[in-house]
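Two chains, two separate frames, one set of hints: put the complex together.
In the order they appear, the protein sequences are chains A and B.
Following the working numbering, the numbering of the first sequence begins with 1 at its first residue and continues without gaps.
Following the working numbering, the numbering of the second sequence begins with 1 at its first residue and continues without gaps.
It should be emphasised that the hints constitute simulated quantities derived from the structure, not laboratory data.
The hints are all genuine.
Output of the computed footprint for chain B on chain A, the stretches with three or more beta carbons under 8 Å from beta carbons of chain B:
1. 9-15
2. 69-83
3. 90-96
4. 124-138
Heads up, simulated PhoX-like pairs for lysine-lysine below, C-alpha to C-alpha not over 20 Å straight-line:
5. A/142 to B/201
6. B/410 to A/91
7. B/407 to A/49
8. A/144 to B/201
9. B/407 to A/106
10. A/43 to A/84
11. B/449 to B/73
12. A/103 to B/407
13. B/407 to A/84
14. A/49 to A/84
15. A/84 to B/410
16. B/89 to B/449
17. A/103 to B/67
18. B/201 to A/125
19. B/407 to A/91
20. A/142 to B/205
21. B/203 to A/142
22. A/84 to A/103
From the three backbone atoms N, C-alpha and C, an ideal C-beta is built for every residue, glycine too.
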Amino acid sequence: MDDKDAFLELSALLTGLYDALLNDPEDRALNMPIAEEYIRRLKGTFPVKFPALLDAYKTLATTTPKPSVDDALLANLRGTQVFKDNEVVAKQIVNVWYFSQFKDEKDVLIDGGFYERGEVWSRIKAHPIGFSTQLHGYWSNKPKPVSD
Amino acid sequence: MHNEYDIIIIGSGVAGALTAWKLAQLDNYKILILEAGDNGISNGQRLQFHHMMDTQGNRGDPFAPYKDLESRKYAPAAESSQRELADQKNDPNNYYDYFQDATPQNSDPFKASYNRMVGGSTWAWRGNTPRYIPSDFHLHSEFGVGRDWPLDYNELEQWYSQAEWELGVSGNHDELDGLFGGYRSQPFPMPGIPLGYSDLKIKEKIEGKTIRGKPIHIATTPQARNSRVFDNRPACEGHSNCIPLCPIQAKYDATVHLRRALEHPNVELRSGAVVTRLEKGYDGCVNTVHYIDWKSSEIPQEKSIRGSLVVLAAHAIETPKLLLMSGNLANSSDQVGRNLMDHIQFELIAMFPEPIYPFRGPQSVTAIEDFRDGAFRSQRSAFRMTIGNDGWGRAGSPATVIDGLLKEGKYGSALPGAIAEQIPRMLRLSFSTEMLAEQTNRINLSDKKDVLGIPRPRFNFDIGAYVQGGLREGYETAKELFTVMGATISPTAKPLENPQTGRMNWNTAAHIMGTTIMGDDPANSVVDRWGRAHDVPNLWIAGSSVFATSATSNPTLTIAALTLRMAHAIHRELGGCNAKDK
Numbered sequence: 001m002d003d004k005d006a007f008l009e010l011s012a013l014l015t016g017l018y019d020a021l022l023n024d025p026e027d028r029a030l031n032m033p034i035a036e037e038y039i040r041r042l043k044g045t046f047p048v049k050f051p052a053l054l055d056a057y058k059t060l061a062t063t064t065p066k067p068s069v070d071d072a073l074l075a076n077l078r079g080t081q082v083f084k085d086n087e088v089v090a091k092q093i094v095n096v097w098y099f100s101q102f103k104d105e106k107d108v109l110i111d112g113g114f115y116e117r118g119e120v121w122s123r124i125k126a127h128p129i130g131f132s133t134q135l136h137g138y139w140s141n142k143p144k145p146v147s148d
Numbered sequence: 001m002h003n004e005y006d007i008i009i010i011g012s013g014v015a016g017a018l019t020a021w022k023l024a025q026l027d028n029y030k031i032l033i034l035e036a037g038d039n040g041i042s043n044g045q046r047l048q049f050h051h052m053m054d055t056q057g058n059r060g061d062p063f064a065p066y067k068d069l070e071s072r073k074y075a076p077a078a079e080s081s082q083r084e085l086a087d088q089k090n091d092p093n094n095y096y097d098y099f100q101d102a103t104p105q106n107s108d109p110f111k112a113s114y115n116r117m118v119g120g121s122t123w124a125w126r127g128n129t130p131r132y133i134p135s136d137f138h139l140h141s142e143f144g145v146g147r148d149w150p151l152d153y154n155e156l157e158q159w160y161s162q163a164e165w166e167l168g169v170s171g172n173h174d175e176l177d178g179l180f181g182g183y184r185s186q187p188f189p190m191p192g193i194p195l196g197y198s199d200l201k202i203k204e205k206i207e208g209k210t211i212r213g214k215p216i217h218i219a220t221t222p223q224a225r226n227s228r229v230f231d232n233r234p235a236c237e238g239h240s241n242c243i244p245l246c247p248i249q250a251k252y253d254a255t256v257h258l259r260r261a262l263e264h265p266n267v268e269l270r271s272g273a274v275v276t277r278l279e280k281g282y283d284g285c286v287n288t289v290h291y292i293d294w295k296s297s298e299i300p301q302e303k304s305i306r307g308s309l310v311v312l313a314a315h316a317i318e319t320p321k322l323l324l325m326s327g328n329l330a331n332s333s334d335q336v337g338r339n340l341m342d343h344i345q346f347e348l349i350a351m352f353p354e355p356i357y358p359f360r361g362p363q364s365v366t367a368i369e370d371f372r373d374g375a376f377r378s379q380r381s382a383f384r385m386t387i388g389n390d391g392w393g394r395a396g397s398p399a400t401v402i403d404g405l406l407k408e409g410k411y412g413s414a415l416p417g418a419i420a421e422q423i424p425r426m427l428r429l430s431f432s433t434e435m436l437a438e439q440t441n442r443i444n445l446s447d448k449k450d451v452l453g454i455p456r457p458r459f460n461f462d463i464g465a466y467v468q469g470g471l472r473e474g475y476e477t478a479k480e481l482f483t484v485m486g487a488t489i490s491p492t493a494k495p496l497e498n499p500q501t502g503r504m505n506w507n508t509a510a511h512i513m514g515t516t517i518m519g520d521d522p523a524n525s526v527v528d529r530w531g532r533a534h535d536v537p538n539l540w541i542a543g544s545s546v547f548a549t550s551a552t553s554n555p556t557l558t559i560a561a562l563t564l565r566m567a568h569a570i571h572r573e574l575g576g577c578n579a580k581d582k
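Only chain B is shown next, with the shape it has when bound in the complex (with noise of 0.2 Å):
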């Protein structure tokens, strides 16, 4: 049989799409991207999608502007898991399954999700670009914890900068060149977004002051957001809508490689395309994708594709969950599913001494990032901190502090003076931690299926001794900085200890890595440094499935580096397996 495709990727999001972007643009590869979502990508569904922000009223709410998509029923996601273990284990409808014995003094519930779209999770992403620093590459090697990566900090450099182009990253060179070691061998395409009225006054109150024994630095961070016209996208407006939708595309998403990759005549989408099965041929290669086509016609469909190569990048949850459901494919390290990590966060909040008008800008432009590495590693994790610019962000809206009002008794002529009084005080420092890649943080198939018959994931998740040591340090350094700069924590502000379970409140920052472990050794691990799984030479995976460590950045740009790194690797081996048997 003929092969109808040299190249089928699975998922659209910015892995997805920058592989089919990239490797369009090596060869005139016949390209199919099957992705489950069915969205359009146009500026005037962009349009379309923030207004119906307005009606969902849910700002900061990843899903809200996508309530109106078909998908949702047929391609679901976890829109309600930002919940404690009981609260989902209790609600049937969770897309999210549990362990039978998992209780909340057991275990903990993963709260990470994802959008199931045509462009994936960017669109739902901050855009804040952090690299990673040299010692996230060997954590195991420098502190005794975690993995290593098979490659290091000096080998993905030159994949940073090209990603930093790519995806239109604006920083600071001489604030973060050298970070930890982490050398920039290029300066960023554009200069740091301005730093807001808020950050302004915060570094008048804390730079260089030594907190917990660190100096304190205000770096600006570096974030897929323009700061000046880049890639005939606009300059950011301040619209403070990043999450989950810049308005204006100043803040990259995926469908800006997407729309260049389908610009190409041998590149093609297929949306509303859920994958159910990687099929292998007796040489051990994967030679046919079978998917649900469930927009087509009234009843879904199922239907088969034959590629030469596979790449699969649909996240860190469908990616091992379709390995897992073809047979437990690429398996034979028993890693698959396991290694589940993300960045486990919490937010202090507070009201600085005086005014400094959030809500105006980016939500986040600033961070402190002084805490992510130190031989304190080996026993706890290091953490990222940043400065909000968005009152106090997910932990509380503006109406959080009108309630408080009200609840005071504060009605009539003393309401808005008080409001003019308060909202524009609100403050949150945000830190975000490292959890180790731990054999039994894990993702399986549950007996529970969704509405196409397929099964859900199934969790078993705790965050661990080592991740608790880093918040509680996160906390007790927040805690000083409001100090230092007269802030006082507000009373509605979570405890960080949860007495009702004794275990930690925290938040996610969606942020899912590690269920296709990379690693040299393919007793141990499922891909190979080049992303190329160990067990089945034409299946590559892409995506933060692969990530060894967490560390403390925001995955994107670590994904695209990687990504665009193995796009040059497949588009040098393609030729090993099947290739061009068409």
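Excised from the complex, chain A in its bound form (with noise of 0.2 Å):
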């Protein structure tokens, strides 16, 4: 299993965000730079812990048979030492996705590269702050359900 493979089923695993990531194939085509970009500024910002925590599931994640990326997968990965040294990681993974931003260990903001794609805006029925596509008050509606 390759870096990306790996970091592409970890992020589910941790987000949530199956179908954007690996179910849907033409969102998981979209999504596969956007993921490359990811573990190159992960990698820079934690040398040690990224590649730990990636480890640790691509050991897991490689057994035979194959297990399903699933929460019982994510449990089996949380139950680890390696998952509990490296936690931090973890949720900068979960924020890389969400805000294509995330945080170093010293608190300090670091740009993922694709804000505008950041996956909590349509879950929360808004749009990236800074760039609405939509037309004078639309804000006084409820917004429209967004499919997944």
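Dropping the structure here:
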């Protein structure tokens, strides 16, 4: 399992964004270059802890037969000492997918490079702050349901 | 020696820009604007600033879009001043300095900052433009506290109306005409911004209910934000990024009037020019402005320029600082730098009982004006309460909620649903209290210098018992409002009292006022009722540094009204001191 596939699976596991990152082929393809960039930036920020967490995931995910990527696997991962030691990175993986921003261990905000693609906005039925695509007064109305 | 300019204006924020534009309109004056910062004012520059925020990430930080500006080195500002006193004092790079004996037990930090840029702090303002109410002008006469202004609401009313047209204020006349006696002679240029879905849901719950003895009315905040195409600027599209920067300039900023002023061939802007001293001649008038030009060559150059009249419009920290650096200029009253005020603010955060979908539309559309006046002002401050449309505002971003969910272990498939359930219920109520003009709240010159060798400001600041009383009342009011709404106060909400220091937790509204205070008596004020320095006949001061009371209104509309009025006074009186001596 290469780093990219492992990172996408680990990301889906942590964020719950299974469709966007794994199941929907179109979304997955769109998210592939984003994942590559996130790997680069996370590795640069957490040069020891990020690979450690990713390796821990690979160890669990490459057993035979390959386990399903689901909450049961997440529970196994969270039960490991490696996860406990590196949970700070797990949290930042969640942040980078939802906001395209994450923090280093000194709490400094780091740009993920894809601000407008943050996954949080559609889930809260808003737009990325600073990037409305709607007309004057839209905010008076209840937002329409957004399908995943 | 001949004067090279009729008028030299120091500072290009809303006060400086309006002064330049209005005087250029009134006559063919030769005007120079000196500005410490250096940035463009084109739409292209705006877009560049906007995209800068994508990489800075910290939306809501008034300095986030401007991190690449070279002027940050030569015209520094207190970019990290939203910190407690110990943090500020322990940071050697903090622009603000404090008196040595200031401790968290006996002093408060000064948390407000400002933008030293072409266009000033309107690069980072919310855009709210309520007027003062009549009693705000005679606080001492009516309540026995603070000061009176040398003018009243009646005198300023016509200028408020003009300012609303110049800035492009949207608002609902009927909601605000007669507010605590504050009549409106003209309608707003535009109807009010439409209420948000969140405002409508909140209104359903609290409108007309009696809270702490007052019936509650939710009113649309008057705001310099277009509700239709106005002044060749578009209607608000609800980008939810009002602070710091509206990407489409539906929100007014001072670049509007700067651009207009610079269309006049006799108006010149010189940026990258940090003024260091005003020099008086034998006639008692200021005739020379000394400044450091940091951008024209590798090494900053000291330069000077002569003018017949000087308008100081460098906001309420740099303006008094410059007077003190000029040999205690205009300070026979010993009031320069004193009477420092801010709006001391607190945000109480909660979860509304159902989704109200914040982060759509302006960051705040509505307010509760009902607590801005009353006999209680003899004992404690009034407050103005705003209803946020930006979740928990400065008290917490959506990331705060996700962080809380992860702390509960909500990784995985439970997370997207929890996010969708919680973040759309985020709500804040913010209240801004009024400070009194106090002699002991002041800025002075520090012996610590900035990179150009200019003294940094040194503060002595204590919000005082009057504000604390207002904060306590605001806190109780917000709690009761949340109870009536059925909202649950967030467990992450900061308590009002800080047990570590025995003082209060609060935020700044970054509304800096009072440091060159206005009055009729030269013995206890710096400028007269028109804004002219009592001691120096050709020196005028524009901006909130002349405010005699802070009241509860955001200051910019009052700055604009006073500035327009001052420009006419300058025009009338040019000819009194060295005028046209060129």
